[in-house]
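Those protein sequences? They're chains A and B, same order as listed. Number 20 in the working numbering belongs to position 20 of the first sequence; there are no gaps in the numbering. If you want the working numbering, it's the 1-based position in the second sequence plus 1000.
Since the hints were made in silico from the structure, they are not lab data. Positions of the beta carbon are idealized from the N, C-alpha and C atoms, including for glycine. Fair warning: there could be bad hints in the mix.
Unchecked claim - Straight line, CA to CA, 27 Å or less: simulated BS3-like cross-link-like pairs of lysine-lysine:
| id | chain 1 | residue 1 | chain 2 | residue 2 |
| --- | --- | --- | --- | --- |
| 1 | B | K1196 | A | K214 |
| 2 | B | K1125 | A | K124 |
| 3 | B | K1211 | A | K92 |
| 4 | B | K1107 | A | K34 |
| 5 | A | K34 | B | K1196 |
| 6 | B | K1196 | A | K92 |
Unchecked claim - Just a few of them, taken from the derived set where beta-carbon distance is under 8 Å, the chain B residues facing chain A:
| id | residue |
| --- | --- |
| 7 | P1104 |
| 8 | V1116 |
| 9 | P1126 |
| 10 | L1243 |
| 11 | P1282 |
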Amino acid sequence: MLIEIIDVSISGLLNGSVYALMAIGLALVYGVTKAFNFAYGSFYNMGGYFAWVLLISLGMKGGYYTVFFTAVPFLFIVGFILEKALVSPLRKRADWEMKVMMLTLGLGLFLDIGYIVVFGPRLKSLPEIVEGTTSIGELVFLNQDIVIFIISITGLLCFAWILNNTRVGMAVQAVAQNPAGAQIVGIPKDFIFAATFAISTVMVGLGGILLCQKNFVIPQASWPIMIKAWVITAFGGMGSIRGSLYAAFIIGMLEAFVGYTLGLIYIDIAILTLLLITLALRPQGLMGKE
Amino acid sequence: MNLKSMVTFLAVTYGLIGIMPLFVGDSVIIMRILTMILIWSIVASCWDVIMGFAGIFSFGQVAFFVIGAYSSAILSVSLNVPPVVAMLMAGMITAMVGVLVGLPCIKLAGPYIALVTFAFHMALKPFFSGPLGKAIGSGGSRGILSVPPIKIFGMAFSSAELVPFFYLALFLTLICSGVIVAILKSYWGTAFLALKDSEDFAVSLGISAFKYKLMVFGITSFITGLFGALYVHYVGILSIRVLSGQVFTTLMIMIVVGGIGQYPGVVLGAVFTVTAEQLLRPLGIYRFVIMGGLVVAVVLLLPDGITGLIRKLFPGRQEKESRSIETHKSSLEGVG
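Based on the sequences and whatever the hints tell you, model everything.
So, in structure tokens, the structure goes:
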């Protein structure tokens, strides 16, 4: 019994770490640019399909090293171009927030169905990043899980370091606090907006590469992922990065335990109930500001 | 748009749709398209009222439509309620659900409302296909296969007799459009706009945000539920496929093409979208790629939809006046 509980907690931690990576991307882009990206789940699948094309279709050498080294620039460029081409022209309008929501919703549908058209409706499996298992006493871990956990935590730490210690990161924070003020002191606001969008694309795409090894690449997976990332950001407080971090682990744990005790179909209902209760008591979310 | 041009626009559009059966009454496909145009135009109009006029980012419109459809179907199949009564009850049930969903949304800001309403939409699928839905008679993932047609004074209206059903739908559409126009042009409509433009200022003038936001949820979900019920008695079958992302996006294309917050424009959006969807049907799955791309293109190129385009091509008196003021201003700025 104890072993099972530990097992479930570990799977919760694992999910939580990858969710944190994805939700923080969404929190970042909302906190800085105030644009809400509905195509977020489609970028998750973009990561999954990118890895599949490189590893299975093209059979590139170097395995996952190649994937990670090419995926980061690829996703960054895609995100950057999409922001410049689609989101930034709308920013001049008064009701641009609503327009961005609708536009990204259309983009999401375009990409999702596009994947089905290009890659077919069947799900694709990715090879495990590392094979084998490690056992400590009675506990057995998949090496794959350990590596996924380490990569996502490293990704989060890198992100925190970039945000707090580099000039670009500090510029991003400045724009989030006061766009007009940031522009006055010479920070290129439009570039920062596009860069933030691109960074969030990279984060969710990496999440896709990591989680698709366990869950397969499914073209219909975009919506559930999008909803999950969104619920986590809202639960943690829209735009609050620290809040999203805590929320991701709470939701990951909740998901693992509800799935284990009640059954998989109750996961969504449990998450939604938690969200509604939180929003009823604290409309700004766990750590959000008024 | 002022009241006169709004009513004229609606009268001309629905009038043209209304006389179509005289010429094409024999064609099954065209009659089906026309009926669906009527149903979707009202559902999309309600969405435009809540999103474009009241400024509430509600993404629960399809959910309300489906709740109306399921309530009416379950009432008439499991409890043998006559369809006309079931439709009205479905409208009321949907209105109650709408108010319940609206309650947490009053305090919340933009994207949170979108999240709560959309999560509500997503939760309906496991609800109706799971054991809870089966217990109330939703038929699980198989759905409800034999919904009885509407009977009024012994006359049956169903998809077997397309022309009579079309006129029944037209009748309801006209009534509901009348209600929507009356709301938009009354004190309520002004209150919605005031709350959208500046909630703090509107509240300081004594407009109750609580009351009007709940009211807009209640009224639009009642009409949406009623049309959901009309839809289910028309097609006769119902399953959770109505909750798919494609239906949601199709509805969204209607208001994007028609122009958000440009009320009667959305009717043209419905005409365009339903027709395009039918014409593109032979393309199979590609049509959703096209429709997704269309949303992106329309939002970028025609931010006010067809209504904005028409206004740009035929600038009316109002437009010219505001433009002359603007040129006046800019000339002043040039002097300064």
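Hint check results:
1. Between B:K1196 and A:K214, the direct Cα distance comes to roughly 45 Å. Violation of the 27 Å bound is thereby established for this hinted pair.
2. With a CA separation close to 25 Å, the supplied pair B:K1125 and A:K124 stays within the 27 Å bound.
3. As the CA atoms of B:K1211 and A:K92 are separated by approximately 33 Å, the hinted pair breaks the 27 Å bound.
4. Between B:K1107 and A:K34, the direct Cα distance comes to roughly 19 Å. Compliance with the 27 Å bound is thereby established for this hinted pair.
5. Among the hinted pairs, A:K34 with B:K1196 is consistent with the structure: their alpha-carbon atoms are about 18 Å apart, no more than 27 Å.
6. Between B:K1196 and A:K92 the alpha-carbon distance is near 19 Å, which keeps this suggested pair within the 27 Å criterion.
7. Taken as an interface hint, B:P1104 checks out: its beta carbon lies about 6 Å from the nearest beta carbon of chain A, inside 8 Å.
8. This hint holds: B:V1116 has a C-beta 7 Å from the nearest C-beta of chain A, less than the 8 Å allowed.
9. Interface restraint check: B:P1126 against chain A, minimum CB-CB distance 5 Å, threshold 8 Å, status holds.
10. Given the 8 Å rule on beta carbons, the hint for B:L1243 is violated: about 11 Å separates it from the nearest Cβ of chain A.
11. The beta carbon of B:P1282 comes no nearer than 15 Å to any beta carbon in chain A, farther than 8 Å, and the hint placing it at the interface is violated.
Hint check: violations occur at hints 1, 3, 10, 11; the rest are consistent with the structure.
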